[in-house]
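Participant: Letter by letter, the chains look like this.
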Amino acid sequence: MKIAQIVILATLIPIFIAAYLIAKFVFKKQIPVLVYKISAGILALVFFVRYMSGDDLISNTIAGENNIFSSGAMSIYSIILIWFTYASILLVCLQPFFKIKTVNNLVKYFVLPFSIIATFSITVSTQGILGADAYIENNFRGILMAIELVILVPYAFIVFMENGMFKMSKSEIKYFFICLIPMLLALMPSYTLQAFFGLPIAATNVKDFNFYHRIMLYGAVLIPFLIHFGLRKQRKDVIRFALLFACLGTLITYSFTKKFEDFASITGLPLHLCNTAMYILPLCLLFKWDKLFYFTYFINVFGAFIAMLMPNYDDALNIFSSQIVNFYINHYIAFFMPILFVSLRVFPRPKLKQFIYSMVAFVIYFVVIVFINAWFSNYGNVDYFFLNSDYVADKLGTWAENLRLNFIWTFTIGGLTFTFYPLYQLCFMLAYMAIGLCVWFVFEQCYQIADLHVDMRHRTEKIKLDMLALQVRNSNLSKEELMDKENAVAKIKLKHFTKRYGNSQVYAVKDANLEIDGGQIYGFLGPNGAGKSTIIKSIVGIQPITEGAIEVCGYDVEMESVKAKNEIGFVPDHYALYEKLTGREYINYIADLYGVSLEDRNKAIDKYVKLFELQGAFDNQMKTYSHGMKQKIAIMAALVHNPKVWILDEPLTGLDPNSIFQVKECMKQHAKEGNIVFFSSHIIDVVERICDKIAIIKKGKILTEKSVDDIILSGETLEDFYMRTIESGSNDAVKVDIRDIKSAANLENNEKKHKKFANLFSFSRKTDLNNDESFNKIMDVIEKSEKEDK
Amino acid sequence: MSETKVKKKNQDYVSLKALVMMQLKNKINLNFLKNKKKAFLRLSLMLIGFIALTVAIYFVFYFASVLRIFSFSLTIPNNVLVFIFTIMMLLSIITCSFGLMKSFYFARDNQILLTFPVTKTKIFISKLIVYYINELIKSVTFILPLFIAFGAVNSLPFYYYPWLLVCLFIVALIPVALGALFSIPLMGIAIVLKKNRIVELVSVAVFIGLVTWGIVALINIIPEDINIVGSWGTLFWDIQDFLAGFARIFYPFTCLTTMMVGTVVNLSAQIFTLNTLIYLVSFIVGIAIVLGLSFLIVRPLFFKMASKPFEYQKKIIENEYKNHKLPSFWSGVKKEFIDIMRTPTKLYTLLLIAIGLPVAILFLNRIFSAMSVRLAGTYMTIAFNILIIVLFSLSSNSALAKVYSEEGNAHYLYKTNPQKYYISLLPKLVINWVVMICSIIAATLVFESFAGLSVFNTIMLILCLLCLFTGHLFWSAEMDIMNPQFEQYQTTGQNINNPNENKSILIAFIIAILVCGISLFLLNENANTVYWKIFFFSFIFVAYRVYMFFTKIKLYYLRPYREEK
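Protein chains in written order, with my numbering: chain A, 1 to 790; chain B, 1 to 565.
Hints listed in this document are in silico derivations from the structure and should not be mistaken for laboratory results. Among the clues, some could well be false.
A few chain A residues facing chain B, derived, Cβ under 8 Å [as the list claims (entries may be wrong)]: (1) L9; (2) V562; (3) K565; (4) Y578.
Computed beta-carbon distance windows for the label pairs [unchecked claim]: (5) B:F50 x A:V442: 44 to 52 Å; (6) B:F50 x A:F229: 51 to 59 Å; (7) A:K236 x B:I48: 51 to 59 Å; (8) A:Q448 x B:V434: 28 to 36 Å; (9) A:I449 x B:R374: 53 to 61 Å; (10) B:M21 x A:E599: 53 to 61 Å; (11) B:V192 x A:D451: 56 to 64 Å; (12) A:V442 x B:F236: 51 to 59 Å; (13) A:L452 x B:V434: 24 to 32 Å; (14) A:L452 x B:I540: 15 to 23 Å.
If you're wondering where the values come from, they're calculated on a predicted model, not measured in any experiment. Beta carbons are placed, not taken as given, at the ideal position from N, Cα and C, and that holds for glycine.
Work out the full structure, taking the sequences as your base and the hints as a guide.
Facilitator: Written out as structure tokens, the structure is:
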């Protein structure tokens, strides 16, 4: 046997490698992918036949001791060889079907050196698997093991030669090790722990939520999180590869107890619900069988969850024993793999249709299993899906036991007795379907949480990107320019400002452009619902901007909101004060928010208290104030920090003539000091008398912007001009192009954006903004990004 | 009667009805009556509620009679009913007195009502009618089920039930009549307290102190070894003496009860006796006198107070106050402190919960410590203590699930002020946080004095409870920020069914149950390690909630995000 293996290895490996080298130098062409795929297929077939034909005899090793090797170290070495061989074979089998650099690197730097070592140690691994049979010359499993290495070594060598040999960047090295460890873990034979560490905790039952049981349950929650967060930003094919590798790898480990001979026995078929998941999941991934997938998604997940909570293994089993490890590998996969498939978007989130498919599939499965149980019971003890025994009924209580035993249907056909528990089994099926429905609800809740986090991440990154752009832009300014910005004169700039509320089909404001300089009182006119308050609320930061930009004194109200708001004093249309406070307490609170010094606030408060004649009432609670007094306090609060831009939204509504006069005087005085007074009003007479310039808005469009003097010089009153402008303006609201909304719902678009941001961040982290070259590079990226956005 | 007189009478009736309906709609949501489907649904629900309450009381009475708690026979004696009914009536009188005081003398709607083309007397009567209808509804909802259940358990004759309905009309009049009269001294006290803030604060502090002391003293009366079965003979007669004494002290209510349920003569219930007639006449006369007095004394006072404009009630402050500069955050905290101190409902609710929690734990542990329990019982006691502390403290956070929305229109300041988003948002949470933390620590120390925990375990438990409380506090506040209910508060100043408050309470309940369950499970495993384990879980919880709070509000406030095109 050993001789046969050595002959095969010694002849075929050099022949294949030589053939490759000759072909390479003669034809100077790359090996076609088909060759790789065929080799991988042959390797998979050989491995399948060899693996399924018998057990790994070394599996009964405990703490390195077995009846195969006399030395514990040799036992451990043999297990490692077997384990890594499985990992190498699976890697090679999948490698040609995915164009992933890390996988190539794993084949180059893991499979190649390992397979060479395995070739020289073939006697150890063969002995570990076959035991005494390793000495039988014509044992076909030993021959197949040699053939596996005959394919593995040249294959890995060719991949090594064809993929730049020793070329590997730092990040590739990092990914190599990050991927190698979980890949090896996925294929760790279930007997490894007991073979390496023995069974140190004698007779510990991993049940009843005891410490060891809980550790296994925590694993069921932690592992999917780790996989999800590790893969969520990867390419689709990388995700697919990783999940397929995990499914197939664990299937190999799980199949340690399910060999050909087990399939020949009617009692050992993998027909238990969670067992089926082990086969269904890789098949769904390979062939994209979505209908079948949703069956496992709605049915297996819950089944596995319950099975893990109430495991059916023996009490005496140790946490390191192969049975326990195998049980949890099986149930972990059945529990979290379907969820990961959906969370990583390999399969779309299910809708009602898919739920119905899964229920139909479950009914078929259930009926088949009920029938198989009844039929196979004639030949042995079968209990697939626990439908034939009282295992579940016993846990549910006497009522379930009675339900099962009081309604039995037995008949005989052709000497075979069929026994059914119709009512119990029907209730079982209906309950399980109802649970499937609950599972759907739970999944939906989880998706909502996940969506929330994804949305938060995207938005946080967008903010970071904007901050980065701002940082870059500011670092582009000279010191003088920065100083100028700090001492900027009063100015409001609306650049293509557009606002739409939520999913509304109508724009509240569309493409508004305005530029207002200091020293002006600017009137904003328009009928109700024209968009005046919308513009004002966007300037002061109450509402988000849909498109365009707004600048106040040179500061972008979105990106430099704190600085912009510092320059603004705002009087809302409905004054709102903390009425339990006194006027003084309120103004001091506002002054604290704006960081006004004690000296400045004393001056301002004295000035406005006198101006508004509030001396007697200023230290009373504001709930005792009249409407006019409250409005005056709101105006004081807006002016206490002496803002460069004073914005008032219909400030004169409800004020008495005396108060109106005082407010108007205040506005004039403020504008005289070089500041902007920007206000909306319906009272045209007042606007005509005090404003320097006006804008008229209707249905979200700024119809005109004109100096009041020009209007009067043209021989028209402001009222006539207003009426003429409003009547000539279109009455149609600006509607949203439906394509815009569709694109908002386009998830891929968001994904692209997200990736773009991610790239930009990773670039910015490595970039020194003080370095000119780096700075120019980042500017290019931002400009490119902005162009793409447009 | 001449035609003009009839017309005038009709007009009087119409205007009075309009006044009553207008005020009633403000007090009770009658919108459902507009829609037949909704009305049917609502009335069905009310009927189901009524039946459920009656059945529940019936079962309580039934079990009390079967267990012979109040009587040797299978009945419930009248004195038990007197006790329950009197408490209900006293509560009604207190509620009515305060309600009528506000309605007569301090209601803002007085200013509007006085402008209507109706006499002031009519406005006064309309206010009384509104309160009467309100009381009648309360009587039907709570008193009627009690008496029906009592009648069913004591097998009273069928005519008892229609008689009950008649009596209810009189019963509902009593709190309104007495409330109207009592509203006068209450108004006087309210005015004095309003004028003297310090007197109000001192009175409240003294009141709270006395109540707390009283409750603690009562709790300390609980014997150290409770053996109800062993001492039942003495206990039974103690209960009888207490009920008889109570009936003697509250004699008018005993008469009222007797008028409604009759007396037992030769082991059979007699509903109508001579006493019934005497009591009926006495009550009608008594109510008439009280109402007459109200009309004579309260009506002129009502006219006087209703005409007073609120905005000019302010006093001229002669002292010159100074301006103070504070860091923005502390300025916000100061503002919140002032707001809470000047809003009695907020202040008293907070104090009630903060003081109630350690007192409840004291009460609970006095009872538990008096019982002889096994190890499993001790573990259940610990878990139950944790449940109560968590439930109490977390429920107080429901007030924070509306804390930003409550500001209504004033909310714009959060977005327009030039501070980092959290500087103006966090102060709203500080006062609640500080007060409740003191309460939680006090409650845990009370619990510790009974459970005898080690210093390490006590610290771990306190940290665990603080983490749970803080996490839930941020969660509740976040709910309000992300799903604000401004509209309700802007228009009405309140939101009766705020979804965030409901959600906050539900989550508090779930967390409390979970923590209790986990604690019990871990206690059974290892009683020494349970506290750091639950602290570990609660730390993860608070870390996650704090992260979510700051991330979400950053996205919401820092820079309003653009809706994706």
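Participant: Against the earlier hints, flag every one the structure doesn't satisfy and list their numbers going up.
Facilitator: Per hint list: 1, 5 and 9 violated.
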